[in-house]
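From first to last, the protein sequence lines stand for chains C and U.
Counting along the first sequence from 1, when you hit position 314 you're at 453 in my numbering, and nothing is skipped either side.
Counting along the second sequence from 1, when you hit position 70 you're at 71 in my numbering, and nothing is skipped either side.
The hints are simulated quantities; they were obtained by calculation from the structure and are not laboratory data.
We treat Cβ as the ideally placed atom computed from N, Cα and C, and that holds for glycine.
Honestly, I wouldn't trust all of these hints.
[Claimed, not checked] Here are a few chain U residues that face chain C, going by a calculated C-beta distance under 7 Å:
| # | residue |
| --- | --- |
| 1 | Pro48 |
| 2 | Tyr49 |
| 3 | Tyr131 |
| 4 | Pro133 |
| 5 | Leu165 |
| 6 | Glu168 |
| 7 | Pro171 |
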Amino acid sequence: MADKVLVKGNEALGEAAIKAGCRFFFGYPITPQTELSEYLAKRFPKVGGTFLQAESEVAAINMVLGAASAGARVMTSSSSPGISLKSEGISYIAGSDLPAVIVNIQRGGPGLGGIQPSQADYFQATKGGGHGDYRLIVLAPNSVQEIVSLTFDAFDLADLYRMPVMILGDGMLGQMMEPVEFPEHSDRVLPEKTWATDTTQGKRKKNIVNSLYIKPDVLEKIVLDRYARYAEVEAKEARAETYLTDDADIIITAYGATSRISRNAVDALRASGIKAGLLRPITLWPFPKAEYQRLAKTAKAFLTVEMSMGQMIEDVKLSIDCSRPVHFCGRTGGMIPTPGEIEAKAREIAASL
Amino acid sequence: MFYPTGRITIYAGHYGSGKTNLAVNHALALAGEGKSVKVLDLDIVNPYFRTKDSEALFKERGITLIASEFANTNVDIPAIPAAAQSAFDDPRSHVIIDVGGDDMGAVALGRYQRFILREGYDMLLVVNRYRPLASEIPDAVKIAREIETACRLPFTGIAANSNLGRETDPETVLSSEAYTLALAEAMNLPVVYRAVKQDLYPALSGKLDRLEPVELTGKTYF
């Protein structure tokens with residue numbers, strides 16, 4: 140294989156998972172992420188992996204639970220309606236302290252919605268689509284190359300913190316082709332999976348993976364322990380990228396594909412003398428609050444750009460405690476905001492400053 | 002110009018090899034010569050990145066697009082256009098057929114096999130050596146054979162389309178030549194043309210045979 144290849148975002152997810160040592164994939168096809176399943180169906184037999192198209196999303200996520208329990212690096216993927224179906228299983232995986240990687244290549248919703256790109260599953264991903272007190276680490280790549288590096292990170296973070304990690308993309312990222320390199324993956328130093336239900340070999344007591352705790356004091360203790368781990372994740376793993384923010388009056392903030400459209404808008408605004416900058420969260424949970432707080436000290440206003448009716452905007456407001464006005468520019472239902480629309484909104488804000 | 006000039010040209014090949022873009026360029030070139038051109042979109046695999054993206058351009062150049070009314074809509078069903086048959090029944094028009102990727106995509110083409118054989122055709126194997134699942138010759142040959150089996154039509158030539166998207170430079174194209182020739186030999190097919198982006202054409206002209214300058218058509222997000 141040549142050093143650089145031209146791949147779709149969905150294919151990059153598959154190849155990066157292989158490089159990261161994932162050998163189990165359980166899924167169910169849905170546009171616009173089906174190429175990931177197709178790719179692994181073709182590649183896994185060649186690397187000794189197990190690809191299984193389940194009878195449903197519900198079955199697939201529970202197979203993920205099983206494989207993760209046994210200590211395997213495992214992944215599943217879907218798009219919005221399919222993630223809703225998987226949400227019960229995701230809650231069970233979180234409640235069993237299991238590492239797993241879940242990909243959501245979002246499409247328009249709610250309901251069956253559409254098949255064009257969307258970012259309307261932000262709440263579901265970051266606030267919990269399933270029940271109970273739990274968190275997912277949510278990673279939001281904005282290029283096919285970053286899909287590769289964040290897929291590596293997703294598997295490592297899942298193992299490190301024993302929790303499910305979601306890669307949150309959209310139909311645009313899943314479908315677009317970009318030249319990428321697949322570097323070799325070197326793991327972080329990761330803890331041994333002493334909890335896995337692999338085999339005792341007669342040498343230790345059996346391990347049990349479970350999320351059912353009848354006694355409330357016991358369950359509370361387990362949740363509190365889990366939240367101590369979440370606090371560590373929040374302290375260590377929040378990531379963001381900034382572009383021309385140092386002297387910016389207006390901070391445009393967007394994740395994933397819309398961050399690239401926003402970057403074009405920032406360039407156009409700068410060219411006409413408006414001091415705009417871009418703050419792009421790479422982790423949506425933990426949300427990079429410190430970056431927002433830092434920029435709130437120098438910027439006069441924020442503009443959140445999303446392919447939704449406005450979901451991340453709530454985290455932006457919370458992060459800066461509403462100390463600056465936070466405006467919104469978005470399209471939904473599969474429509475994609477243009478740089479021109481973002482620019483026009485920013486000009487309106489600039490005129491009011 | 003190295004595009005086939007027969008009445009029917011079919012673009013098939015591995016998934017994401019650039020079939021749609023070459024089909025659109027071919028159609029525009031024929032229309033530019035004043036020919037009557039129909040583009041038949043038989044992609045039943047991927048609802049994204051379709052000839053439909055070039056609908057406005059086709060209209061402007063007088064090209065007839067025959068595409069599923071569901072292409073580029075939110076209705077995610079593998080439908081072929083009801084008017085497809087009309088492409089074969091009009092002997093005055095050139096027909097460019099854009100087929101879906103891999104053997105899965107070629108199944109729909111097989112539906113029209115007897116009409117295509119009756120009329121005579123060129124079927125180009127579009128290849129990009131930078132696509133991971135087709136970057137080795139045995140894999141590329143296997144996919145090509147699967148396509149031929151699925152549509153029951155043998156390929157007649159190769160359209161080389163090796164590129165790395167926006168990072169393509171002359172070296173990207175030149176270093177893919179060994180792959181193109183090896184595949185041509187393995188398939189026992191002529192290289193009908195080598196597609197290169199318009200802006201790379203001057204740098205490559207004279208270095209490679211049968212260079213066809215093409216534009217990037219359709220939808221770009223950024």
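Status of the hints after comparison with the structure:
| no. | hint | verdict |
| --- | --- | --- |
| 1 | Pro48 | 6 Å, holds |
| 2 | Tyr49 | 5 Å, holds |
| 3 | Tyr131 | 4 Å, holds |
| 4 | Pro133 | 5 Å, holds |
| 5 | Leu165 | 4 Å, holds |
| 6 | Glu168 | 4 Å, holds |
| 7 | Pro171 | 15 Å, violated |
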